Amino acid sequence: MNRKTLELWVGLFVAIGLLALAMLAFKVGNLTTADVLNSYRIKARFENIGGLKVKSAVTMAGVRIGRVSEVSFDSVRYQAVVTMDIDGRYKTIPTDTSATILTAGLLGEQYVGLEPGADEVYMKDGETIRLTQSALVLEKLIGQFLFNQAAGGDKGK
Amino acid sequence: MAQPQSDSVARDILVDIRDVHFSRGDRPILKGITLPIRRGSVTAIMGGSGCGKTTLLNLIGGQIKPNSGTIRVDGVSVPDLSTRELFELRKRMALLFQTGALFTDLTVFENVAFPIREHTRLPEPILRKVVLMKLETVGLRGARDLMPSELSGGMARRVALARAIAFEPLIIMYDEPFTGLDPISKGVIGKLIRELNQSLGITSIVVSHDVAETCSISDYAYLMGDGRVMGEGTPAEVQKTKSEHVRQFMDGLPDGPVPYQYPAAPYLEDLMRWNGR
Amino acid sequence: MERALETIARLGRTFLAAIERLGRATFFLYEVVIATRPLARRFFLVMQQVYAVGVLTLLIILVSGLFVGMVLGLQGYNTLVKFGSEQTLGLLVALSLVRELGPVVTALLFAGRAGSALTAEIGLMKATEQLAGMEMMAVNPITRVIAPRFLGGILAMPLLAALFSAIGVLGGHLVGVGLLGVDAGAFWSQMQGSVDFYDDIVNGVIKSVVFGVVCTWIAVFEGYDAVPTSEGVARATNRTVVYSSLSVLALDFILTALMLGEI
Numbered sequence: 001m002n003r004k005t006l007e008l009w010v011g012l013f014v015a016i017g018l019l020a021l022a023m024l025a026f027k028v029g030n031l032t033t034a035d036v037l038n039s040y041r042i043k044a045r046f047e048n049i050g051g052l053k054v055k056s057a058v059t060m061a062g063v064r065i066g067r068v069s070e071v072s073f074d075s076v077r078y079q080a081v082v083t084m085d086i087d088g089r090y091k092t093i094p095t096d097t098s099a100t101i102l103t104a105g106l107l108g109e110q111y112v113g114l115e116p117g118a119d120e121v122y123m124k125d126g127e128t129i130r131l132t133q134s135a136l137v138l139e140k141l142i143g144q145f146l147f148n149q150a151a152g153g154d155k156g157k
Numbered sequence: 001m002a003q004p005q006s007d008s009v010a011r012d013i014l015v016d017i018r019d020v021h022f023s024r025g026d027r028p029i030l031k032g033i034t035l036p037i038r039r040g041s042v043t044a045i046m047g048g049s050g051c052g053k054t055t056l057l058n059l060i061g062g063q064i065k066p067n068s069g070t071i072r073v074d075g076v077s078v079p080d081l082s083t084r085e086l087f088e089l090r091k092r093m094a095l096l097f098q099t100g101a102l103f104t105d106l107t108v109f110e111n112v113a114f115p116i117r118e119h120t121r122l123p124e125p126i127l128r129k130v131v132l133m134k135l136e137t138v139g140l141r142g143a144r145d146l147m148p149s150e151l152s153g154g155m156a157r158r159v160a161l162a163r164a165i166a167f168e169p170l171i172i173m174y175d176e177p178f179t180g181l182d183p184i185s186k187g188v189i190g191k192l193i194r195e196l197n198q199s200l201g202i203t204s205i206v207v208s209h210d211v212a213e214t215c216s217i218s219d220y221a222y223l224m225g226d227g228r229v230m231g232e233g234t235p236a237e238v239q240k241t242k243s244e245h246v247r248q249f250m251d252g253l254p255d256g257p258v259p260y261q262y263p264a265a266p267y268l269e270d271l272m273r274w275n276g277r
Numbered sequence: 001m002e003r004a005l006e007t008i009a010r011l012g013r014t015f016l017a018a019i020e021r022l023g024r025a026t027f028f029l030y031e032v033v034i035a036t037r038p039l040a041r042r043f044f045l046v047m048q049q050v051y052a053v054g055v056l057t058l059l060i061i062l063v064s065g066l067f068v069g070m071v072l073g074l075q076g077y078n079t080l081v082k083f084g085s086e087q088t089l090g091l092l093v094a095l096s097l098v099r100e101l102g103p104v105v106t107a108l109l110f111a112g113r114a115g116s117a118l119t120a121e122i123g124l125m126k127a128t129e130q131l132a133g134m135e136m137m138a139v140n141p142i143t144r145v146i147a148p149r150f151l152g153g154i155l156a157m158p159l160l161a162a163l164f165s166a167i168g169v170l171g172g173h174l175v176g177v178g179l180l181g182v183d184a185g186a187f188w189s190q191m192q193g194s195v196d197f198y199d200d201i202v203n204g205v206i207k208s209v210v211f212g213v214v215c216t217w218i219a220v221f222e223g224y225d226a227v228p229t230s231e232g233v234a235r236a237t238n239r240t241v242v243y244s245s246l247s248v249l250a251l252d253f254i255l256t257a258l259m260l261g262e263i
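Protein chains in written order, with the UniProt record's numbering: chain Y, 1 to 157; chain F, 1 to 277; chain B, 1 to 263.
So here's chain Y without its partners, still in its complex pose:
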């Protein structure tokens, strides 16, 4: 085999190999969506975060705008502190925005959903969202439901 043909084959091989890597990175993986560019951080305190984890999504109107970068526990107030990286393109989040921990589907992953307020002042790096709603814990919910049923039954009599 002469040099030219060999170089051609190797070049082709390397090219499709790199193409496959690129496909894995962009089409299979989340290199495009996961990369939060020039992000800034905001925090939120929750009574209960359920199954929220680092790298969980942060969405607004259903669109992913950032991700959870840190979850910690405040031992004074017994609350969870969730730090979120928000994409630098979305700088206009009102200060009275509320954060809720939601679940994708009945058994799916949990994520932070932001509900915009009406304030004209926007959140800056390091600020904390005040209005939060904890995760729905299924067991609690069922317990509450049963309790209400029992209480309601009593009233009916």
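What the hints contain is simulated information worked out from the structure, not anything from laboratory work. Watch out, some of these pointers could steer you wrong.
Stated by the list, open to error - In silico DSBU-like cross-links for lysine-lysine, where the CA-CA straight-line distance does not exceed 30 angstroms:
| no. | chain 1 | residue 1 | chain 2 | residue 2 |
| --- | --- | --- | --- | --- |
| 1 | F | 129 | Y | 4 |
| 2 | B | 82 | Y | 91 |
| 3 | Y | 4 | Y | 124 |
As the list claims (entries may be wrong) - In silico contact screen, one side only, chain B against chain Y (beta carbon under 10 angstroms); selected entries:
| no. | residue |
| --- | --- |
| 4 | 51 |
| 5 | 90 |
| 6 | 155 |
| 7 | 161 |
| 8 | 192 |
| 9 | 195 |
| 10 | 204 |
| 11 | 253 |
Just so it is clear, the structure is predicted and the values come from calculations on it, not from any experiment. Using N, Cα and C, we set each Cβ at its ideal position, and we do this for glycine too.
Use these hints to put chains F and B onto chain Y, whose structure you have.
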């Protein structure tokens, strides 16, 4: 070490092997060999299979080190060289392997070009000329595009020879150059060894057990056996030696100092044993 | 009693021989790594080996990858559909391939196809005195023969593994979306939502690089260390496949544990 010979004689000796001992594991192979080789000569080293001839070539080439004794090539002690110095020496030294040891994935042309490409940066047109000249020397210019698998045994050895003389070495060592060749190819190789020696002045060491062919081309012959030199002299002298050992080898007698029987327990006793192997 | 002692002694001998061989292999690796430096100027030698171990292994990798992906699609669908979550099929196929099957199966195929060929080639070069001949021509066979093959193997392996995973995902898509009717949008979006670039894809590539080093190292060492007879080369080739496969599987466990942070 004191040099007993005068300087002119010492300079005349290109390869100086003095009292060399070598063993593989516990098995001694060379038991004190002294074997000077004169510059510009064709020296034959003959002996039966397994008597340490090839080991001797490996020692001269620095592939292995002796247990004791000195090996000097052109005045430098081979076992004491660093790898780099050894490689420098080997550029002036060639070893022709029994099989030729051609690179099976390269054409004849590329095989001959290999050492030149590795050690120099000759431009391609000049390289081509050099390679064709070498191939012409061995009469295989027309076979340049063949692969080694397409060559006969004699042709493969000629290509290997062309490759060996790429740098016009000081010494060429031939390891069993005649083994397994037809009479014509033997004649061709013999003629080439002689020609290269005469035209380029290359000192040649021919290791062989082919008595007739080797004697016909060599200036001086050593006969080895049992790790020692058993006889030496010009081929004519060796032919006439009375020594039993030399006679057995030269005349091809089946029994003699080299016994026909492999060492074993007495025959009858061995047959009468009931157990074991 | 004597037989028991002999057995124990044999065990000891085998163990010592194995350690000695490992030591030699390590020194050899060191020599090879040193010898890769001059190759920067002679990259064509490496390219030839990328061709030999990469391009020539391509077909078997692509075909295997496609089938593995298709089987994953079938099996995954049948399990997931019981929980009503066949939408996550893409995720299952992609994660299995990128994290585990891609690097591991590629390395196993590589050992069988390219590794054994490397060992046989080098072993035969040794048996026919080509390596010794090179040395007598003042050419270091480690630089000229071993190092290019070593580098070629290391360069080819991650590319082959990436190709395996990529075509496997396509195979899963073919079966899941084309045959079983999973929604194409869900297939891709579930996958993209949960396959992490660093945690999954980069780690997969790291694995395949490590496997590339180990498989090629074993292959070239076994060839270089082979007993130069036809039987010796056959045994060495056999050892290459066995040792490479075992090393890949064991290393895969260790690497996975390290990457998941469990140890």
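Does the alpha-carbon distance linking residue 82(B) and residue 91(Y) stay inside the 30 angstroms limit? With Cα atoms ~43 angstroms apart, residue 82(B) and residue 91(Y) exceed 30 angstroms; violated.
Chain Y contact restraint for residue 51(B) - C-beta distance below 10 angstroms: Holds - the Cβ of residue 51(B) comes within 10 angstroms of chain Y, reaching about 5 angstroms at its closest.
Go through the hint on residue 161(B) and say holds or violated, using the shortest Cβ distance to chain Y against 10 angstroms. holds, 9 angstroms
If you draw a straight line from the CA of residue 4(Y) to the CA of residue 124(Y), is it 30 angstroms or shorter? violated, 59 angstroms
Under 10 angstroms, Cβ to Cβ, is where residue 155(B) needs to be relative to chain Y, so tell me if that hint holds or is violated. holds, 8 angstroms
Would you check whether residue 204(B) satisfies its interface hint, that is, whether its CB is within less than 10 angstroms of any CB in chain Y? holds, 8 angstroms
Interface hint status, residue 90(B) versus chain Y (Cβ within 10 angstroms): holds, 8 angstroms
Interface hint for residue 253(B), Cβ within 10 angstroms of any Cβ on chain Y: Hint on residue 253(B): violated, closest Cβ of chain Y at ~23 angstroms, above 10 angstroms.
Hint check: is the beta carbon of residue 192(B) less than 10 angstroms from a beta carbon of chain Y? holds, 5 angstroms
Would the stated hint for residue 195(B) survive a check requiring a Cβ distance to chain Y of less than 10 angstroms? holds, 5 angstroms
Taken at face value, is the distance from the CA of residue 4(Y) to the CA of residue 129(F) at most 30 angstroms? holds, 23 angstroms
Checked against the numbered hints above, the structure violates hints 2, 3, 11; every other hint is satisfied.
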